[in-house]
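Model the full structure from these sequences, guided by the hints.
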Amino acid sequence: RKEVEQDPGPFNVPEGATVAFNCTYSNSASQSFFWYRQDCRKEPKLLMSVYSSGNEDGRFTAQLNRASQYISLLIRDSKLSDSATYLCVVTTPGSGGYNKLIFGAGTRLAVHP
Amino acid sequence: DTAVSQTPKYLVTQMGNDKSIKCEQNLGHDTMYWYKQDSKKFLKIMFSYNNKELIINETVPNRFSPKSPDKAHLNLHINSLELGDSAVYFCASSQVGHTDTQYFGPGTRLTVL
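For the protein sequence lines, the chains are A and B, in the order given. Using our numbering, you'd call the opening residue of the first sequence number 6 and step up by one each time. Using our numbering, you'd call the opening residue of the second sequence number 1060 and step up by one each time.
Any given hint could turn out to be false.
Stated by the list, open to error - Only pairs whose alpha carbons sit at most 25 Å apart, straight line, appear in this in silico SDA-like list of lysine to any residue: (1) LYS50(A) x ALA1131(B); (2) LYS47(A) x PHE1123(B); (3) LYS84(A) x TYR103(A); (4) LYS1095(B) x VAL1119(B); (5) LYS1100(B) x ASN104(A); (6) LYS1103(B) x ASP1077(B); (7) LYS47(A) x LEU1142(B); (8) LYS47(A) x PRO1125(B); (9) LYS1130(B) x LEU1113(B); (10) LYS105(A) x ARG1168(B); (11) LYS1103(B) x LYS84(A); (12) LYS47(A) x MET1105(B); (13) LYS1095(B) x ARG46(A); (14) LYS105(A) x GLU1083(B); (15) LYS7(A) x ASP1077(B); (16) LYS47(A) x GLU1112(B); (17) LYS1068(B) x ARG42(A); (18) LYS1095(B) x ASP44(A); (19) LYS47(A) x THR66(A); (20) LYS1103(B) x GLY99(A); (21) LYS1100(B) x ASP44(A); (22) LYS105(A) x ASN1134(B); (23) LYS1100(B) x MET53(A); (24) LYS1099(B) x TYR75(A); (25) LYS1103(B) x PRO15(A); (26) LYS1099(B) x PRO15(A); (27) LYS105(A) x ARG42(A); (28) LYS7(A) x VAL1119(B); (29) LYS1099(B) x GLN74(A); (30) LYS50(A) x ARG71(A); (31) LYS105(A) x PHE1123(B); (32) LYS1130(B) x TYR103(A); (33) LYS1103(B) x TYR56(A); (34) LYS105(A) x GLU1112(B); (35) LYS7(A) x ARG113(A); (36) LYS1126(B) x VAL1147(B); (37) LYS105(A) x GLN1154(B).
As the list claims (entries may be wrong) - Using C-beta positions, here's what the derived DEER-type ranges look like: (38) GLU10(A) x ASP1129(B): 34 to 42 Å; (39) HIS117(A) x HIS1132(B): 37 to 45 Å; (40) LYS1126(B) x THR23(A): 44 to 52 Å.
These are calculated hints, taken from the structure and not from any lab test. Backbone N, C-alpha and C fix where the C-beta goes; we use that ideal spot for every residue, glycine too.
And the structure:
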C-alpha cells in the first residue's frame, strides 16, 4: 500500500465550480500534513498546511481527520489559474530524529472556461 | 534573486556515462534535499543534508553520490547511468526544524538514452 494515496484525476471543472480532493495516509505516526501545488513542468510549491481544526486560506479549505487518516482540500470558485496538480504531503519520522516529506502522486485539476 | 537554483535544466546522455547535477540555495537554510520524480509523477526523497552532514539516505543505488561542499550547495553525482535513471531531479532546502516548508529548485530533467 502506498504511504499517501490520492485520486489521480483529472478533475475537469468549469470556472466557478467547487471541487474537493481527498487523500489518505497509512502511517499513523505522521505528524504534519500539507497540500503542495505543482504546475506542469515546474517545481512543487507549498499551498497550505493542514490542521485538525481545519483551516482556510481564501478560496481554499483544508481538513484533517487523524482518526481516519484522511486529508481533504476544497477549492471554491475555481479559476483558470487553479489548473495544476495538487500533491498531498505528510511528514513521517526518519532516522536520527529528522522528519521527511512523503508525497502523494497528485491529483490533476483542469479548470475550463 | 533565485532562491534555489539547479544546473543543468536539461541533461541528455548515454547509458553508462557519469554525470553531475548542481544545486545552490541563497536562503541561508541549513538543510538541503534531493528528490526524484519519475514518469508516474511520484516525488520521492533520495538524500538530505543538514549543514553538510548526511541525515537521510533512502534506498538509493550507490551509483548516486551526493556531495555538500558547504551548506549552500548540494550536488548529485551519478555513475554508470541507466535507462531507469531518467526522471526529473529536484533539489530543495528548508530551515532546520521546518522540514515542512521546503523550497524546491526548478528541476533537472535527465534523459538516459
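Self-check item: Range hint compliance [Cβ, LYS1126(B) to THR23(A), 44 to 52 Å]
Solution: holds, 48 Å
Quiz prompt | Given hint GLN74(A) paired with LYS1099(B) - CA-CA distance at most 25 Å | solution = Within the cut-off at roughly 24 Å; holds.
Quiz item: Taking only the CA atoms, is the gap from LYS50(A) to ARG71(A) under or equal to 25 Å?
Solution: holds, 24 Å
Practice problem: Please work out if LYS105(A) and GLU1112(B) have their alpha carbons no farther apart than 25 Å. | Solution: With a Cα-Cα distance of about 15 Å, the restraint between LYS105(A) and GLU1112(B) holds, given a limit of 25 Å.
Quiz prompt | Pair hint outcome, LYS1068(B) versus ARG42(A) [Cα-Cα no greater than 25 Å] | solution = This hinted pair holds, its Cα atoms lying about 20 Å apart.
Quiz item: If you draw a straight line from the CA of LYS1103(B) to the CA of PRO15(A), is it 25 Å or shorter?
Solution: Between LYS1103(B) and PRO15(A) the Cα gap is close to 22 Å, so the pair holds against 25 Å.
Quiz item: Is LYS1099(B) close enough to TYR75(A), meaning Cα to Cα at most 25 Å?
Solution: Between LYS1099(B) and TYR75(A) the Cα gap is close to 22 Å, so the pair holds against 25 Å.
Quiz item: Is it true that the CA of LYS1095(B) sits at most 25 Å from the CA of ASP44(A)?
Solution: holds, 16 Å
Quiz item: Does LYS1130(B) pair with LEU1113(B) here, judged by a C-alpha cut-off of 25 Å?
Solution: holds, 11 Å
Quiz item: Taken at face value, is the distance from the CA of MET53(A) to the CA of LYS1100(B) at most 25 Å?
Solution: holds, 20 Å
Quiz prompt | Verdict for GLU10(A), ASP1129(B) (Cβ pair) under range 34 to 42 Å | solution = Since the Cβ atoms of GLU10(A) and ASP1129(B) sit about 38 Å apart, the hinted range of 34 to 42 Å holds.
Self-check item: 25 Å Cα cutoff - pair LYS47(A), LEU1142(B)
Solution: holds, 23 Å
This entry does not satisfy hints 3, 11, 15 and 16, going by the numbered hints stated previously.
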